[in-house]
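J.: Okay, here's what each chain looks like letter by letter:
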Amino acid sequence: MKLAVLSGKGGTGKTLVSVNLAAVAKNSVYVDCDVEEPNGHLFFKPTEIETETVAIKIPVVDEDLCLGCRKCVDFCKFNALAAIVNKLLVFDDICHSCGGCIMLCPSNALTEKDKVIGEIKTGISEEVKVISGILNTGEVSGIPIIKELLKKTAAEKRLTLIDCPPGSACIVMESIRDADYCILVAEPTIFGRHNLALVYELVKLFNKPHGVVINKCMPGENLIETFCIENKINVLSKIPFESELGAINSDGEIAVKSEKYYGLFSELLQAVVKEVEHETVTHS
Amino acid sequence: MKQLLILSGKGGTGKTTLASAFIKMAQAKVYADCDVDAPNLHLALKHLSQPKRNDFYGMPKAEINPTLCAKCDRCIENCRFDAISVDDDGYHVDPFACEGCGVCEIVCPVRAISLKLHIAGELMLYHEDVVFSTAQLKMGSGTSGMLVTEVKKQMKSVDVGADLAIIDGSPGIGCPVIASISGVDMVLIVAEPSVSGISDMERIIKTAQTFHTKTVVCVNKYDTNLKKTEAIIEYCKEYNIPYMGNIPYDENAVKTINQGLTIADVFCDAGFAAQVVFNNTMKELKL
Amino acid sequence: MKIAIPADEKNLAGEVCMSFGRAPYFYIYETITKMGDFIENEAASSPGGAGIKAAQIVVDNHADILITPRCGENAAEVFKATELQIYKSKNGSISDNLDAYHNDKLSKLENFHAGFHGVTGN
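Protein chains in written order, with the working numbering: chain A, 603 to 886; chain B, 2 to 288; chain C, 6 to 127.
In short, the hints are calculated from the structure, not lab data. There's no promise every hint is true.
Capping the alpha-carbon separation at 25 Å, the derived lysine-lysine pairs in BS3-like fashion look like this [said to hold, decoys possible]:
1) A:Lys876 x A:Lys859
2) B:Lys154 x C:Lys110
3) B:Lys157 x B:Lys215
4) B:Lys3 x C:Lys95
5) B:Lys287 x B:Lys3
6) A:Lys859 x B:Lys228
7) A:Lys759 x A:Lys840
8) B:Lys139 x A:Lys749
9) A:Lys717 x C:Lys85
10) B:Lys62 x A:Lys673
11) B:Lys139 x A:Lys723
12) A:Lys806 x B:Lys62
13) B:Lys3 x C:Lys93
14) C:Lys93 x C:Lys113
15) B:Lys215 x B:Lys238
16) B:Lys53 x B:Lys207
17) B:Lys215 x B:Lys53
18) C:Lys15 x C:Lys39
19) C:Lys15 x B:Lys157
20) C:Lys95 x B:Lys287
21) B:Lys30 x A:Lys810
22) C:Lys15 x C:Lys93
23) B:Lys157 x B:Lys3
24) B:Lys228 x A:Lys673
25) B:Lys30 x B:Lys287
26) A:Lys715 x C:Lys85
27) B:Lys215 x B:Lys154
28) A:Lys840 x B:Lys256
29) A:Lys759 x A:Lys731
30) B:Lys207 x A:Lys647
31) A:Lys717 x A:Lys754
32) B:Lys215 x C:Lys15
33) B:Lys215 x C:Lys93
34) A:Lys659 x B:Lys62
Could you build the full structure based on these sequences and the hints that come with them?
T.: Below, the structure is given as structure tokens:
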């Protein structure tokens, strides 16, 4: 079972929810797809870490073979190539590695080489397998790393928590593609409601079963709860705003290690699992 | 006109809460929201008029003409982004996966594929007694530095003789952030006292430094973790980054924002502290 | 010798454009004939890599000198492969800057800002 945890914006408690669900489930896998700001490992502090690099293919030019025809320069939609005084320049950081320039080169002057854009670290934290994708600073797109992360976990039988990047961009779509269920985390503010509406559109578009976790709840009217009632979205859990939970989280500790929060997240997990099983029944 | 950019590394640190307060304190005539993924600044500041709206075009996307398609599969085989699929209804381009590289167009033997303009978002410009530039990316469109550049360009398109512009930046460290930083006079980082907050702050400081842009730091919700706040102050000392001050966690801040006001509009602890941070920031900016 | 200057509008009295890659026009001035032309900068509308393409256009127009307020790393990389010299523009019109160049009042541009790539993912 694969559960994707997302939010319209960072800082709403997406990592809090996914880390603690993975921890409470035990014998589970936590995948950090927030490759620009991967923070899950700060909580799990995994050991026995294995690192592998993620590379993309970029063109490399053999100047002796280059005819200066500029077919590649004219083709490249990203402007990653320039032909200057009999010299072909390739801009690695701009290249989207589509391979078009290599196809078009009439003199085989262009070949491909690997360029490392980040890495994947796999480690163990008690009974949780922790997999983090890390994009190198200055790189254009984290999608190749996310694809690699999802490939690694595709055959995974254990409960898998996918900590998605914030927002509703294509990189998020990539992260939820294989998910059985999406957990949307939102804060009860007018900002939070606006951001939830964006990510709610996304899961509807992908036809993913989903429910909402409201984080940092305070007494009184709850904007997210109202939004969920209006849109008939299931509220899975309401995490109270408590300085104790805030302190545990800001110190990089896992909340379910305290008995007080163990119950909260284990109930949430049960609620989600029930939802997914219900989905499977109604869809089969 | 000096441009102050407010950044946070990650969302949720109170960047927009602070930006909206700064706009009120400075009585800024010009401001922009560069968080084009999930813009929020318009929710915190009331604008009476309707904005001028303009479509924003991103990378063109491939389109397959089904009547010309020879069903040869070459496009599928050559697409590095797995953007083309085939089913009983024919060949389809997934616009969310397509990066507009044009490889399918050149491998298609029957010219059934062409790249078509694709609307990736919308630019909005409010022009009342103030100028407010903002935008919203369409869902699934990649975070776009170019849209951020357009938001800033739009902001400067109307000259109202202001000496300060306040820009609410985008989260992350990627391309939109770099596009936000480019050309501004100073970056104020709103950090959160937590392990993730510090890690995000360090990454964003590195990014700003590559631009030789003056960078200053403040801590929001400092009292939620005093030790981590200390650590941030130490870090700033060590790397010679001017520290603008602390803002406490304040329940009133959330209530204020939910009423559509800024923390500068009401009497609250967060508002008072933000005023100090604002004054220090203006001093650093020499305004 | 040819001088290139990014321009906001096709007007010598207009300001030098603040952006190199995304300038709508370039003014290309020939110092021997004292004649100049405005050319369109096709790179301005590129979603990404505008600086590189703009540099390619400037080089293809055989410019020897570029007068610009700013220039990105990638465009600078393109120019490095040529003999082209980059000078930092002053506040004022295109004409003012041409005059300033002729009177040795402009200094070389030495800081190149990091590139921003225009598009990520798609």
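J.: Each hint: holds or not?
T.: These are the hints, each one checked on the structure:
1. At most 25 Å may separate the alpha-carbon atoms for a hinted pair to count; lysine 876 of chain A and lysine 859 of chain A meet this at roughly 24 Å.
2. About 29 Å separates the Cα atoms of lysine 154 of chain B and lysine 110 of chain C, which puts this hinted pair outside 25 Å; it is violated.
3. For the proposed pair lysine 157 of chain B and lysine 215 of chain B, the alpha carbon gap of about 21 Å is at most 25 Å, so the pair holds.
4. Distance hint between lysine 3 of chain B and lysine 95 of chain C is fulfilled; the C-alpha atoms sit about 17 Å from each other, no more than 25 Å.
5. Restraint check: the Cα-Cα separation between lysine 287 of chain B and lysine 3 of chain B comes to about 9 Å, which is no more than 25 Å; the hinted pair holds.
6. The straight-line distance between the Cα atoms of lysine 859 of chain A and lysine 228 of chain B is roughly 21 Å, inside the 25 Å bound, and the hint therefore holds.
7. As the CA atoms of lysine 759 of chain A and lysine 840 of chain A are separated by approximately 29 Å, the hinted pair breaks the 25 Å bound.
8. Distance restraint check for lysine 139 of chain B and lysine 749 of chain A: the Cα-Cα separation of roughly 22 Å lies within the 25 Å cut-off, and the hinted pair is therefore satisfied.
9. The suggested pairing of lysine 717 of chain A with lysine 85 of chain C holds, with an alpha-carbon distance near 23 Å, which does not exceed 25 Å.
10. Using a Cα cut-off of 25 Å, the hinted pair lysine 62 of chain B and lysine 673 of chain A holds, with the two alpha carbons roughly 21 Å apart.
11. For the hint pairing lysine 139 of chain B with lysine 723 of chain A, the CA-to-CA distance comes to about 32 Å; that exceeds 25 Å, so the pair is violated.
12. A distance of roughly 23 Å separates the Cα atoms of lysine 806 of chain A and lysine 62 of chain B; the hinted pair therefore holds under the 25 Å criterion.
13. A C-alpha spacing of about 20 Å is found between lysine 3 of chain B and lysine 93 of chain C, which places the hinted pair at or below 25 Å, so the restraint holds.
14. Distance restraint check for lysine 93 of chain C and lysine 113 of chain C: the Cα-Cα separation of roughly 6 Å lies within the 25 Å cut-off, and the hinted pair is therefore satisfied.
15. Straight-line distance between C-alpha atoms of lysine 215 of chain B and lysine 238 of chain B comes to about 15 Å, which keeps the hinted pair within the 25 Å bound.
16. The straight-line distance between the Cα atoms of lysine 53 of chain B and lysine 207 of chain B is roughly 36 Å, outside the 25 Å bound, and the hint therefore fails.
17. Restraint check for lysine 215 of chain B and lysine 53 of chain B: the C-alpha separation of about 33 Å exceeds 25 Å, so the hint is violated.
18. Proposed proximity of lysine 15 of chain C and lysine 39 of chain C is supported: the alpha carbons are some 17 Å apart, at most 25 Å.
19. For the proposed pair lysine 15 of chain C and lysine 157 of chain B, the alpha carbon gap of about 20 Å is at most 25 Å, so the pair holds.
20. This hinted pair checks out: lysine 95 of chain C and lysine 287 of chain B have alpha carbons roughly 22 Å apart, not beyond 25 Å.
21. The straight-line distance between the Cα atoms of lysine 30 of chain B and lysine 810 of chain A is roughly 43 Å, outside the 25 Å bound, and the hint therefore fails.
22. Taken as a hint, the lysine 15 of chain C and lysine 93 of chain C pair is honoured in the structure, with Cα atoms around 20 Å apart against an allowance of 25 Å.
23. Distance hint between lysine 157 of chain B and lysine 3 of chain B is fulfilled; the C-alpha atoms sit about 11 Å from each other, no more than 25 Å.
24. For the proposed pair lysine 228 of chain B and lysine 673 of chain A, the alpha carbon gap of about 58 Å is over 25 Å, so the pair is violated.
25. Only pairs whose Cα atoms come within 25 Å are accepted, and lysine 30 of chain B paired with lysine 287 of chain B is accepted, the gap being roughly 18 Å.
26. A distance of roughly 24 Å separates the Cα atoms of lysine 715 of chain A and lysine 85 of chain C; the hinted pair therefore holds under the 25 Å criterion.
27. For a cut-off of 25 Å, the pair hint linking lysine 215 of chain B to lysine 154 of chain B stands: about 21 Å separates their Cα positions.
28. Only pairs whose Cα atoms come within 25 Å are accepted, and lysine 840 of chain A paired with lysine 256 of chain B is accepted, the gap being roughly 18 Å.
29. Taking the CA atoms of lysine 759 of chain A and lysine 731 of chain A, the gap is near 12 Å; set against the 25 Å cutoff, the hint holds.
30. For the given pair, lysine 207 of chain B sits about 24 Å from lysine 647 of chain A by alpha-carbon distance, which is consistent with the 25 Å threshold.
31. A threshold of 25 Å between alpha carbons decides the hint, and for lysine 717 of chain A with lysine 754 of chain A the separation of about 20 Å falls inside it, so the pair holds.
32. Proposed proximity of lysine 215 of chain B and lysine 15 of chain C is contradicted: the alpha carbons are some 34 Å apart, above 25 Å.
33. Restraint check for lysine 215 of chain B and lysine 93 of chain C: the C-alpha separation of about 20 Å stays at or below 25 Å, so the hint holds.
34. A hinted pair counts as satisfied when its Cα atoms are at most 25 Å apart, and lysine 659 of chain A with lysine 62 of chain B qualifies at roughly 22 Å.
Violated hints, in rising order: 2, 7, 11, 16, 17, 21, 24 and 32; the structure is consistent with all others.
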